[in-house]
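Chemist: Single-letter residue listing:
There are 2 protein chains.
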Amino acid sequence: MNRNEIDENLKWDLSLIYKSNEDFYLDFNKVKENISLIPSFKEKFLDNAETFLEFMKLIEDTCRKLEKMYQYTHLAVDVEPENNEIQNLYSQVLSLYDDYSQNTVFIDLTISKNPEKAKEVISSDNTKIYSKYINDILRSSSHLASDEVEDVIAKADSILNSPYETYSVFRPEFKPVNINGKEEFLNQETLSEFLKNPDENIRKQAYENLYGEYKKFGNVFASTLSGTIKRDVFYSKVHKFNSPLEASLFSDNVPKELFYKVIDMALNKYHYLLLDYVSLRKKIMNKDKLEIYDMNVPLAKEPDIKYSLNDAFDLIFEATKCFGEDYQKILEKARNERWIDYYTHTGKRQGAYSSGCYDTNPYILMSYLDDVKSIFTLIHELGHSVHSYYSSHNQPYILYDYKIFVAEVASTVNENLLMYTLLEKAKSKEEKAYLLYNQIFENITLIYRQPFFANFENILHEKASNNEGLSNHTITSLYGDLTKEYWGSDVNVTELSNYFCYAVPHFYYNYYVYKYTVGQCVSSVIASRIYNGNTEQKEKYLNFLKSGCTKDPIELLKDAGVNPLDDIIYDEAFKNFEKLLNDFKECL
Amino acid sequence: MNRNEIDENLKWDLSLIYKSNEDFYLDFNKVKENISLIPSFKEKFLDNAETFLEFMKLIEDTCRKLEKMYQYTHLAVDVEPENNEIQNLYSQVLSLYDDYSQNTVFIDLTISKNPEKAKEVISSDNTKIYSKYINDILRSSSHLASDEVEDVIAKADSILNSPYETYSVFRPEFKPVNINGKEEFLNQETLSEFLKNPDENIRKQAYENLYGEYKKFGNVFASTLSGTIKRDVFYSKVHKFNSPLEASLFSDNVPKELFYKVIDMALNKYHYLLLDYVSLRKKIMNKDKLEIYDMNVPLAKEPDIKYSLNDAFDLIFEATKCFGEDYQKILEKARNERWIDYYTHTGKRQGAYSSGCYDTNPYILMSYLDDVKSIFTLIHELGHSVHSYYSSHNQPYILYDYKIFVAEVASTVNENLLMYTLLEKAKSKEEKAYLLYNQIFENITLIYRQPFFANFENILHEKASNNEGLSNHTITSLYGDLTKEYWGSDVNVTELSNYFCYAVPHFYYNYYVYKYTVGQCVSSVIASRIYNGNTEQKEKYLNFLKSGCTKDPIELLKDAGVNPLDDIIYDEAFKNFEKLLNDFKECL
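Line by line, the protein sequences give chains A and B.
For the first sequence, position 216 (counting from the first letter as 1) is numbered 215 according to numbering that gives the first Met the number 0, and the numbering increases by one without interruption.
For the second sequence, position 259 (counting from the first letter as 1) is numbered 258 according to numbering that gives the first Met the number 0, and the numbering increases by one without interruption.
Certain hints may be false.
Remember, identical chains collapse to one label, so a pair may be satisfied in a single copy or spanning two.
Straight-line distance between alpha carbons at most 25 Å, and here's what the computed DSS-like set of lysine-lysine pairs gives [what the hints assert, rightly or not]: (1) K300 / K424; (2) K116 / K10; (3) K174 / K215; (4) K483 / K203; (5) K127 / K56; (6) K214 / K424; (7) K239 / K154; (8) K214 / K174; (9) K462 / K214; (10) K574 / K537; (11) K236 / K154; (12) K426 / K305; (13) K112 / K255; (14) K372 / K332; (15) K584 / K286; (16) K268 / K282.
Please keep in mind that the hints were generated in silico from the structure rather than gathered at the bench.
Turn these sequences into a full structure, and let the hints guide you.
Modeler: Written out as structure tokens, the structure is:
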């Protein structure tokens, strides 16, 4: 299908951002002018509160317009990649961003070097909203190396990222999967479908063809992965952190206690629930021992139910009724003002996202397929959109943009609520079983698998910190040993699965994955509490959605009633998981 | 064949280094003791000439013993890799080297920071042999960054080398070559055999299967190569050089004028001779246009002549008679004292080398195959061995070890002289043609192909210095354009040959290849002059062989009568090449 064959009402309306290219260029030229004014503030912007405020207004005006132009072009490019006019605008925006960056390098540096002056300028009433911004920079400055060293590191930066760059362009080709004499294309995406196949031989073949290739190039992957881990260690040392873990947690201002708690909960305290799930799978699949390539076979059949977009919105409104009228009005706006691009078509970007900025609506890209999974996707992205809408309408620009660390809360709370609604309305045991199984499977990915990954990447970083070599053998045998512990004795972990670690790009993201677990645990707790009528939790949560980045992520979550440093959050979240398991067993 | 089936006289005699492991351990323990004494000199070794001398004697004793133990073990490991006892000794030596390195980091640093004291200690008669050593360190010190920056770079070093490490472990697998239904193994080594095949289809197949794979992973190779080039640029900037070229030439103290001269001679002034050769090939192969995969087909047939080891030595003695008795006595020693390990056997390392140190003979490893190529290999390695023997017997330890830059002179002078001898004795036109063709082919590799490579790597470095991105497209299209200019209009250069650059490890070696050309030009001139009875040249050359590293490489070559900055050297060398071409034409 081509984009022009789709009903206008089912595509997003970007004319709400700019009515025409003329409007776009008005902003474009204003930004250019603004950027030319920035250098004149270099020596004086910390002189007094007035000058500082004047400068911040200039910066804010520039950034807001840049972000708006970026949204306008990147959204259009994602649905019309062949449109040269838009591509051209998009490139112009990116190069304007570069200009802006080069002209503003001095800001953080000047603030870092003049802490007293910086504290002075934020002490007046009309500048105090910049306190967090300034204090965050000052907090970071204690970890800066000398100017000379920072300059050298900046020069080396792109080389230090080269191992990851190499990894990201290395696309091994896999032997196709032979099904009844027909060769079927195999890659990471199709693998997950093959692994759901009821025929064990097909699963085995797909698994072996794919990871066999990772094994073949094991030395290459060991080299790129160890290069990246060593880069993290290098940066943490140069920036005077005790460990790469502490360095990575610094920007979110998260204590390492939280990181270790997440791992401990999943891999120790509540590990028995994972083993319980494995043993249930063994029973249902009727095997003596499970193979790694058995672990994705669905344990429940998808019922043959189609959901129209109207059905989807009915369910979404029902699931979010608990949030009250105000929340639901935003959902209606999203639908009526055409924030959403529902259907896939030739050339459109795959996947799903919610994306916006301070001066645009938070737009949603997705591909709706009339199935229950699409409704989960839609309510997930709407969760992000409402979070963005609330934050931009309740906070000044400098404090509206929430961090990745808390971003997944709003989206997964919604998913949890949708599940409760669907379970209530389910008309058969089969339907219920299907919903529960999907929820269990997704939960395992978030609350077990990510801590397992986090533990692995942490051990790699520790080894590199101690100057232990990270050879192909060291990396893969560690991964194999941890995999065996993870799945327990019911699963036959063969040598080939040691190479799974090379297929996970997240190990290049410097301690990223544990955040998924925190997000899911917190969301599970918020959703179950609200579903069970806890109005105090509901109010706290709605305030959280409006809070942008006014505080550090952990403080925001504390205010939301879900302190992730408190064991009780995990106790509740894993109990919720246990309930899913038990409910699922009852449906069998 | 196993090693123990080979006659003792045809294997090297390592008992000349150590009679027994007890002897080895005497040195081993002495070195350990020495290393423990080194730190006590840290604060005082530049205090006065006496202390300095005492310290240098300690360092020299340590290094000489370390090198001797290293020779003993690495030579043994290369012929008996399965011998665990030797492997174990070898590991112990390597770890002792590490100890030594860590305990001597202070030496260069202290000298760099105390130039006045350093110059003072070498002003006395019994320390003046250390002048070059000290002055070389002082010359380098002007390019050192601050201590803090050098420390940061040292920490980043292994990450900055990661792109090369990734490249060196990436071994693509190639589709086998199908010859009459039989699949033949293809890799870099077998490719060069396939490319000699008279059947064009086999050559084409091998060529396409191999470079097709490099093309497939083009993005990966672009990433590792550009990472390495950017590393060179980074180091040159941090160490205050005007360009990565100047940085790379610094340690040999070579002006960039030489680098550009080499390129200019091959790719401009004497490029017509290469085109002449191409057109001759076109005529002999009877084609309208040559393909890249035609360029390795032999233009002369190998005559069916076998050469025993005795034949080989007869020819070698005849070829080197011009050097006089003294030189020939060393060759006899090499033969009689069993410096040479002639024949290949199971487990023995492939290839050929000459390797020794100040207190051992220069041993030769090779695999002699009764053909004329083996005699060239033997006389080549003997050239190195005599050079080492002369230098270690005529210079103090600190000045004996010649640089890579001049190393290939002694070996290729010998090859040239052997060729003259063989041509004189050739009994048929066919035999002559075969000798000449091989010489022409090897010359092209050294005096044309390496400047072509050098030019390519220099342009890449320049682009990276100007912050131009080195994408797969940029790299390969540049290589393709240069290839077209190089071979001229008689050769059809297709897109696939653009990817040839990814198969050349030398592009990771930071301006290494131009040295091959200088070595070959200089050798060609020395050999032809000596062959033509120039006794002054002979004397100068024999002195050069005794000069170790008493001066910078260019100064040594000037003294040897072959100043590589002088155009006349290239004029003579390329005229020698022209003569080979003309003589070859006459044999057709």
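Chemist: Determine for every hint whether it applies to the structure shown.
Modeler: Now for the hints, and whether the structure bears them out:
no. : hint        : result
1   : K300 / K424 : within (18 Å within a copy, 87 Å between copies)
2   : K116 / K10  : neither (50 Å within a copy, 79 Å between copies)
3   : K174 / K215 : both (13 Å within a copy, 15 Å between copies)
4   : K483 / K203 : within (18 Å within a copy, 49 Å between copies)
5   : K127 / K56  : within (14 Å within a copy, 69 Å between copies)
6   : K214 / K424 : neither (47 Å within a copy, 56 Å between copies)
7   : K239 / K154 : both (19 Å within a copy, 13 Å between copies)
8   : K214 / K174 : both (13 Å within a copy, 19 Å between copies)
9   : K462 / K214 : within (22 Å within a copy, 36 Å between copies)
10  : K574 / K537 : within (20 Å within a copy, 91 Å between copies)
11  : K236 / K154 : both (17 Å within a copy, 9 Å between copies)
12  : K426 / K305 : within (14 Å within a copy, 91 Å between copies)
13  : K112 / K255 : neither (28 Å within a copy, 42 Å between copies)
14  : K372 / K332 : within (23 Å within a copy, 83 Å between copies)
15  : K584 / K286 : within (18 Å within a copy, 78 Å between copies)
16  : K268 / K282 : within (24 Å within a copy, 81 Å between copies)
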